[in-house]
Amino acid sequence: MQNKDKDQKSRLKLFKTILFKDIKSEIRQINDLFSIFLFDILSVFIFSSVYNFSAEGQTMPLEIFVIEVWLIIFFTLIYLMSKLFVKEKESGTLGGLISAPISGNIIIFSKIFYCFILLSFVELILFLFSVFLSAPSIENLSFTQLLVFIVIGVLLPTLDLSICGSLVSAFSMYVKNKSFVLPILLFPLILPITTPIISLNIKILEGILIVDLFYEIIFLVAHIILMISILTLLSQTLLYD
Amino acid sequence: MIESKKELINCVNVSKQYGYFFALKNISFKTKENTIIGLAGANGAGKTTLIKILCGLITPTLGKIMIKGMDYENHSNILKKKIGISTDESFLYEELTIFENLKFYDNLHQNFDKNSIKRKIDQFAKKFNLTDWINEPVENLSHGMKQKVELIRVFMHQPSILFLDEPFSGLDFNTTKLLIDSLNELRDKENISIILTTHKTEILAQICDEIIVLKRGKINKSLTKEEYKEIQIESYF
Chain V
1 MQNKDKDQKS RLKLFKTILF KDIKSEIRQI NDLFSIFLFD ILSVFIFSSV YNFSAEGQTM
61 PLEIFVIEVW LIIFFTLIYL MSKLFVKEKE SGTLGGLISA PISGNIIIFS KIFYCFILLS
121 FVELILFLFS VFLSAPSIEN LSFTQLLVFI VIGVLLPTLD LSICGSLVSA FSMYVKNKSF
181 VLPILLFPLI LPITTPIISL NIKILEGILI VDLFYEIIFL VAHIILMISI LTLLSQTLLY
241 D
Chain G
1 MIESKKELIN CVNVSKQYGY FFALKNISFK TKENTIIGLA GANGAGKTTL IKILCGLITP
61 TLGKIMIKGM DYENHSNILK KKIGISTDES FLYEELTIFE NLKFYDNLHQ NFDKNSIKRK
121 IDQFAKKFNL TDWINEPVEN LSHGMKQKVE LIRVFMHQPS ILFLDEPFSG LDFNTTKLLI
181 DSLNELRDKE NISIILTTHK TEILAQICDE IIVLKRGKIN KSLTKEEYKE IQIESYF
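So the protein lines, in turn, are chains V and G. Numbered per my numbering, the first sequence spans residues 1 to 241. Numbered per my numbering, the second sequence spans residues 1 to 237.
Covered stretches of chain G, going by a simulated chain V footprint (3 or more residues, C-beta under 8 Å):
1. 54-62
2. 74-84
3. 88-94
4. 101-109
To give a feel for the contact side, a few chain V residues facing chain G, derived at Cβ under 10 Å:
5. Leu14
6. Lys24
7. Glu26
8. Arg28
9. Ser91
10. Leu94
11. Ser99
12. Gln236
For the record, the hints were derived by calculation from the structure and aren't laboratory data. The structure presented is a predicted model; accordingly, all values stated were derived computationally and were not measured. Ideal placement from N, C-alpha and C gives every residue a C-beta, glycine not left out.
Extracted from the complex, chain V is given alone in its bound form:
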């Protein structure tokens, strides 16, 4: 029992070691992150300007606002994917990770969590700017509704996208034409969850009760379980050529 506890603690420490290394590396290369923010803010600006021009100043409907934000998030994910396994492979440091006495699953889970943190951070900036620039017609949300929106409407889909992103990044790291392969592999994986994510967001922002979001939540959770299972089962094969 004690050995099991010790083993769990050691796994957690290794997970934290890889995660903190990635975050530290990212902070040292802050320009990369800035360029992602710039892409997001410019996209929101262009979207909002075009809408305002064509709709002659009408308030942006909720549906268009949600689609705008998630479309930008999907494209941002393509940038972020190249920061996971692809970056480790290209810089040669993947060898250092796989030659260490740690399980492949620890490496994979630390990358998923790293992608989740980056994507959440990008989403925070994106939502703030898009609410300000697009000015959608959102009813006043209570604190509970806001919390439900953040946890179920944003963080749950972000976790799913992070898992899909890590899977695609791991799949394509040994491929030669990565910039072509990354989006080609990603879109079929995230296509089934696009509609539930958008529907979930619209319903929560319209103030619909959580009980009525059952099918979307179940679908997202099932997708997360499926993707995690694929990653865990293939971890050894994916990390070694």
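Start from chain V and add chain G according to the hints.
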């Protein structure tokens, strides 16, 4: 009484195929513990592929590798704790400092004691003349200095088998001498086994107990230290 050395590596019919190209074909050899084995050969002979297979970084298409009676399929973590690897690719993170890189890799070998890590890094930095550079990002270092950091990374977790791919490339005369002395010391005093590749044939004679010459993915010749001194090794490349 002479103590016979135990078997270290048993490589049986190992082949590695990339598409239609065979990087290695039916490689079989055995080595003993506590020896320095040199892999020699011309460019493209398969030295790096063989060393990467031996240290578990890539899997062979065919054949089996046993290290101390264990294979990577069933005893991956036990073997990885015992081995230290330096390949043609640098495992260092360019944007992190020397200290952060070395601490990271020692953490991966499950040493989380900050004091012991700092003490070890200080000792190695002093030995390899890197004390003044310890908080410098790796991207600011010269090729030779990066090579020194790579070697410290390999030595840090005190492995019992070292796999070194071209460890002498980019090193100045003094560091080359220091590395040769260190490798000899590791074998003689700490019973560490070393498998290395190098283009510098004069170094092979100085440190290797056995030399395996590869040619187009096959073993062309196996030589002992004594045999090696009497021949022109380039004729087997």
